[in-house]
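K.L.:
If you read the sequences in order, they're chains S and V. For the first sequence, position 37 (counting from the first letter as 1) is numbered 37 according to the working numbering, and the numbering increases by one without interruption. For the second sequence, position 134 (counting from the first letter as 1) is numbered 242 according to the working numbering, and the numbering increases by one without interruption.
Since the hints were made in silico from the structure, they are not lab data. Yeah, the Cβ is synthetic: ideal placement off N, Cα and C, and Gly gets one too. You may find that some hints are simply not true.
If you want the footprint, here are the derived chain S segments under chain V, 3+ residues with CB under 8 Å [stated by the list, open to error]:
1) 23-34
2) 83-89
Facing chain S, according to a computed beta carbon distance under 8 Å, are these residues of chain V, among others [unchecked claim]:
3) P155
4) R403
5) P450
6) L490
7) V494
8) S497
For reference, the chains in residue letters:
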Amino acid sequence: MLWFEREVVEALTRSRDPAVRSGVEAFVDGSLRDKAEHVRVGLATQSLLLGAYARGLRALGRLDGDGAVAALLDRWEASRIGVLRQYVRALKALVVFAENELAPAGTP
Amino acid sequence: MATLDTEILVIGSGAGGAVTAARLAESGHHVTVAEEGPWVEADAFEPFSLGEMVAKYRHHGASLALGNPNIAYAEGRCVGGSTEINSGLFPRLPDDLAADWATRYAIDEFSPDLLGRYATGIEADLGVSTLPGAPPPSSAALERGATKLGWRNVEFARAFRYDTEGRGTKQTMSRTMLPRARAAGAAILPDCAVRRLVRRGDRVVAATARRRVPGGGVERLTIRADHYVVCGGAVQTPALLQRSGIRRNVGAGLRMHPMIKIAARFPHPVDHGDVPMHRVTEFGLDLTIGGSASRRGMVAVALADTGLPFDDALADWENICLYYAAIRSEGRGRVLAVPGLPSPVVTYRLTDADLSRLARGLVHLGELLLAAGAVELHPSVLGGPVVRSLDEMGAWWDGVTRGRANLMTVHLTSSVRMGEDRRSTGADSFGRVWGCANLRVNDASLLPDAPGVNPQAAIMAIAARNCDHFLSEARP
């Protein structure tokens, strides 16, 4: 998993339970490794470009504080640009699935 | 490099491969089955769970057909193939469709009567049946909604056997045909990925494979056989043929049943351990309505599809079940093996008419679920909207666009196609690949079109028919 992908996964994972968080990260990491090579290359390219953009925002002081990455992802998810929407959806689907499958029984 | 000799090499162990292995082994042939995926004990994981995704699905269950929009699909990658991960629903190939295909694609010996006899035999082998008791709430909702609207619906039979207390066990290939094949002397090689077929003239002379060995290593293996039967499914089969230099009418023409989903919230708990058995057949084969696996993780992903806040609904997930509208698409796709890439590139071009039909399906599904008592509907459409009454559903007509619809499928077919017209098919009426005397295909790739119903029963009946044809030719 690339550094920005790890950051996205951390931002999308809502559970505070360390076991769930590490389980989600492991599942997403395994899923990304297991993707078809051309799909993985496409996603990794997006991660590098979007990660560089996020770094730029951070350098300008426009991506600071808790929840800043999550807010950025929310904007991308609602963007008119298809690849941005698809990027967020691809990672969000993995995170949401894993987090809910790994949630201890009785978790609301 | 190790070498292995056999009489018949079956590549793939899903619905097509397992039937092929069992029938040919039981007829006295020496059969070896090479399966790319691992052997996973049948009860090792809960159905549709995260553990099962990792162990039994290709790409962790997140394969993708590229297009506008992309369409997610799922494929099994384990001994037993997709029969290990599907719902077990077992509707026959409709007679009208079989007759139409026989004529349109010039398929010999493809009458509904003949296929029906094979289907009857397979159903008896697997114990295909309907539920012994009342349907679970998720399935009853489909029946109730359809009945209220006056729409035809039916409980599909499944490849399940039930014990005296009504508990069902899915009759996957690892539980049924593969043990039969093994009992008749067949060898099954899990973790053995055939990468290429080596041809000389009009014959295949060997298959080259990579096999994982205990301890984590990989062994190169050459398998020599008299006959080769490729049964890797509609994506892997054409990819292997292309890697082996066989490209004519191979990979193009991929068909599927694109589906759009709704997460329906009811005022009462629904079951989540099974897939609803009822299907709405009111709209013919072009548009079917049914239910999906609805574990918590899947419900959460479906709720997230709208991109709208879903905490409140997720807290109530035990009252939520997933349903779908699936179409027979006009569009076509392609499987392309790219040199240097182990995974084939899969593309699919959805037509505007397909999108329109999906929008109609979504609205019909919504009507049905509200009639069944659902109180809140979350469509798999970015921006939703979430709907609580019929009046609000009008927005869905415009919402199903290429940019907003989240589509998926589990049924892929037709990437080789059988028939006697060499200009449009990759194999003859019985799956023999054109130009290769000892190479056959026997899986979903052969279906000339998407069947409009779950394809497992059709795949198995056609595979059995093709095996009998092979045996009749092989007989001295």
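K.L.:
Decide, hint by hint, whether the structure agrees.
P.N.:
Hint check:
no.	hint	verdict
1	23-34	holds (count 4)
2	83-89	holds (count 3)
3	P155	violated (12 Å)
4	R403	holds (7 Å)
5	P450	holds (6 Å)
6	L490	holds (7 Å)
7	V494	violated (16 Å)
8	S497	violated (25 Å)
Of the hints listed earlier, those the structure fails to meet are numbers 3, 7, 8, in rising order.
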